[in-house]
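Just so you know, the sequences run in chain order X and H. Just so you know, we're using the numbering used here here: the first sequence kicks off at 72 and counts up by one. Just so you know, we're using the numbering used here here: the second sequence kicks off at 107 and counts up by one.
None of these hints come from the bench; they were simulated from the model. These figures come from a predicted structure and were not determined experimentally. Ideal placement from N, C-alpha and C gives every residue a C-beta, glycine not left out. Hints may contain errors.
As the list claims (entries may be wrong) - Heads up, incomplete: computed chain H residues facing chain X, CB under 7 Å, no partners named:
hint, residue
1, E285
2, E308
3, V374
4, K388
5, Y389
Stated by the list, open to error - Calculated cross-link-like contacts (lysine to aspartate or glutamate; reagent style EDC-like; alpha-carbon spacing at most 16 Å):
hint, chain 1, residue 1, chain 2, residue 2
6, X, K365, H, E285
7, X, K307, X, E340
8, X, K365, H, E288
9, X, K295, X, E267
10, H, K388, H, D369
11, H, K306, X, E340
12, H, K306, H, E285
13, X, K328, X, D306
14, H, K419, H, E301
15, H, K202, H, E169
16, X, K307, H, E301
17, X, K202, X, D230
18, X, K106, X, E145
19, X, K206, X, E172
20, X, K375, H, D215
To be verified - Footprint (simulated), chain X over chain H, 3 or more residues, beta carbon under 8 Å:
hint, segment
21, 256-268
22, 328-335
23, 352-358
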Amino acid sequence: MIILYTYIFIILVAILVTVIMTQRTQNSRRITTDKATRRRVFYIRQVVNLLQDESRIPMNIIARTRSERIALCEAIHIVRSHTYGTDSSPLNQTIRDNGLERLLFQRIRYSTGLRRAHWLTLSSCITLGEKSIHKLERLSNSRNHAIRIASVISLIASDPQMAIQRISALRYRLSPLDISRIISLLRRGIIPIAYEPLLQSNNYNLQMLGIAIVRNFGIDIADKRLHDIISSCNDKAIVREAILTLSSLGRPLGRAKIRYRMSNMSISERKSFCRYLATEGYSVQALRTLFSEKEMHYAEALIKSYKRDLVCRQYT
Amino acid sequence: MQTIHIIILSLLLLAVGYTIIRAIKTTKALSMYNFFVDNTAGCCESLGFTGCSVICYAVNDIEQIENLLHTEYDRYEILAVIDSRLYPDIFYSIVKQYGLIRVNTIVSDELSNTHIRALYRSRQRRFRRLVLLDEAYTSPYNSLDCATLVASYEYIIPLNASMRLREHAIEYASILISENRERALVAIHSSADDECYIIKREYIISHDGFSATLFHDVPSTQILSTPTPLIYTINNEELRRRFRNNMCAVTFLILLFEMIWADGLTAVATLLSALLIYLIVKYYNVVANDRFCPEWAMLCYFRHIRRIFYGRKFLV
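Can you make the complete structure from the sequences, with help from the hints?
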């Protein structure tokens with residue numbers, strides 16, 4: 072038996088040494104990475120020029136090799152995720168001419184896990200055909216969370232009119248990060264900021280998205296809808312999000328329904344909320360209606376501590 | 107004799123197998139980390155209202171604070187704890203560097219035995235995340251307790267003088283926290299770094315502060331263990347040397363034991379498995395191309411073996 076073990080170990084050692092040597096050689100040839108970065112920067116400049124060109128003279132961006140086409144995809148993704156409200160139609164010709172959609176879906180098909188999620192994320196920046204949308208719909212039910220959410224985002228980006236239907240049809244709850252990623256699409260001006268129907272909906276994902284929109288865009292006229300959610304919603308997570316959003320907007324919190332919801336919170340939740348209000352800059356007077364006399368002692372200590380008053384002695 | 111052979115070989119196989127699993131897990135976790143960092147840039151803004159307070163105790167280098175100030179996550183603060191009487195040089199250099207001024211100190215009475223002399227904050231907006239605590243030093247646990255009292259956010263990350271946060275570590279930690287909010291988690295443990303914990307503030311308060319037995323009564327289901335490295339250590343040459351010497355000494359002792367009690371072939375098998383473990387770690391290093399993760403950090407799980415006998419300890 073021991074001989075067998077020794078042989079196995081020898082074989083494993085030999086394999087590992089070979090793999091390490093190969094990897095090292097590849098790493099030493101990492102000049103290719105710099106080359107890829109340079110190529111990407113080159114295409115970013117070209118894409119920006121194309122989007123800025125107001126004369127609308129057809130300008131061709133040509134990527135000949137596969138690595139150039141990948142660099143072009145990444146460049147489009149970078150530019151589009153950092154610009155607001157750009158008209159993407161000048162890019163459509165480039166995407167068609169270089170066969171970027173076909174390239175991306177080939178990659179999506181032959182990759183798995185995070186690589187697949189990466190290609191799906193890139194595909195959110197190009198206009199997709201119907202065939203590709205069908206493929207994405209299938210992937211939006213994947214067991215892998217990263218793939219699932221990347222395909223949902225890609226679907227929303229390619230067909231913004233259907234965004235609400237698609238989100239409401241999801242059979243799972245979106246995480247705060249997923250919602251933030253959808254919000255980034257909103258920031259790019261891809262989907263409209265219609266928060267009211269979202270807040271009125273009974274769907275968890277839509278309500279959370281609506282609340283996130285209100286918070287991210289500082290829509291303080293939405294406080295009536297938030298109050299409605301606080302008084303009528305049965306989901307604790309949504310109520311928590313609504314109360315915190317209301318306080319991040321700096322709205323008054325003294326209403327009876329908020330007091331009632333707060334009375335149902337655990338001691339640690341109330342304390343955490345108290346700290347949150349202190350950092351948001353609420354006054355002692357504003358908090359007096361929300362917390363008991365004993366809790367107010369804690370709240371006062373917080374508000375009157377380092378966050379508010381300066382002692383005028385400078386140690387410099 | 108046959109039994110000794112079987113036991114030795116089983117142990118060797120176990121060690122090799124565990125190293126392989128660990129290398130694979132850490133590599134996968136790192137690619138997940140890189141995926142989130144690359145694809146969700148700008149999305150991690152106050153995820154689910156999750157906030158983190160980083161506590162640096164025993165600060166001896168201003169560079170550590172510089173490193174921590176690079177984080178751009180919005181609900182994040184740095185609490186540096188120093189005794190101005192014991193270490194006046196570093197204390198006043200920090201005060202001068204960041205233009206700190208003394209502010210009011212009314213600290214809550216949630217924890218006993220805390221001796222905060224003063225709090226300092228900066229007038230400059232770019233350093234608003236930084237809070238300097240002047241405390242009468244008694245022990246590192248007490249320093250952590252003092253900072254916990256003034257921490258504004260729900261989660262605490264204790265760091266000693268040699269620890270530094272990786273780029274986007276706070277964002278990634280917030281993703282982990284917000285995605286596991288419904289589980290009653292007490293802490294998140296980054297098993298790749300051995301000593302990095304993200305602990306819920308309320309749990310520390312209910313446990314009456316930091317101590318070595320902080321996690322003694324906590325079931326393992328309430329501590330989320332992630333293989334993603336969140337921190338890295340500097341000035342660890344001494345630790346590395348000691349660890350390398352210990353590993354060599356243990357291997358030598360096993361070899362000696364086998365030469366006397368078993369046979370030469372078993373010794374060869376042991377030597378080969380030690381080589382195999384080293385190569386696996388080296389392979390991880392080369393493949394992950396992780397400049398912060400030295401070989402010994404990958405092997406820190408040997409220290410985890412103690413937990414089987416003594417339980418989880420929080421050591422500073």
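Restraint status (C-alpha distance of K419(H) to E301(H) at most 16 Å) | holds, 10 Å
Assess, step by step, whether the Cα of K295(X) is no farther than 16 Å from the Cα of E267(X), and give holds or violated.
-> At roughly 11 Å apart (the allowed maximum being 16 Å), E267(X) and K295(X) satisfy the hint.
Holds or violated: K202(X) with D230(X), Cα cutoff 16 Å?
-> holds, 13 Å
Holds or violated: K328(X) to D306(X), with C-alpha atoms at most 16 Å apart | holds, 15 Å
16 Å limit on alpha-carbon distance, applied to hinted pair K365(X) and E285(H) = The given pair, whose Cα atoms are some 33 Å apart, is violated under the 16 Å limit.
Would you check whether K388(H) satisfies its interface hint, that is, whether its CB is within less than 7 Å of any CB in chain X?
-> Holds - the Cβ of K388(H) comes within 7 Å of chain X, reaching about 6 Å at its closest.
Taken at face value, is the distance from the CA of E340(X) to the CA of K306(H) at most 16 Å?
-> Judged against 16 Å, a Cα distance of about 12 Å means the pair holds.
Does the interface hint hold: is V374(H) within less than 7 Å of chain X, judged Cβ to Cβ?
-> With a closest approach of 6 Å, the V374(H) hint holds.
Is K307(X) close enough to E301(H), meaning Cα to Cα at most 16 Å?
-> violated, 34 Å
May I ask you to test the interface hint for Y389(H) with respect to chain X, counting a Cβ-Cβ separation under 7 Å as satisfied?
-> Given a least distance of 5 Å, the restraint on Y389(H) holds.
Count the residues of the segment 256-268 of chain H whose CB lies closer than 8 Å to any CB of chain X, then report whether that count reaches three.
-> holds (count 4)
Are the Cα atoms of K202(H) and E169(H) separated by 16 Å or less?
-> holds, 14 Å
In this structure, the hints that do not hold are numbers 6, 8, 10, 16, 22, 23, in rising order.
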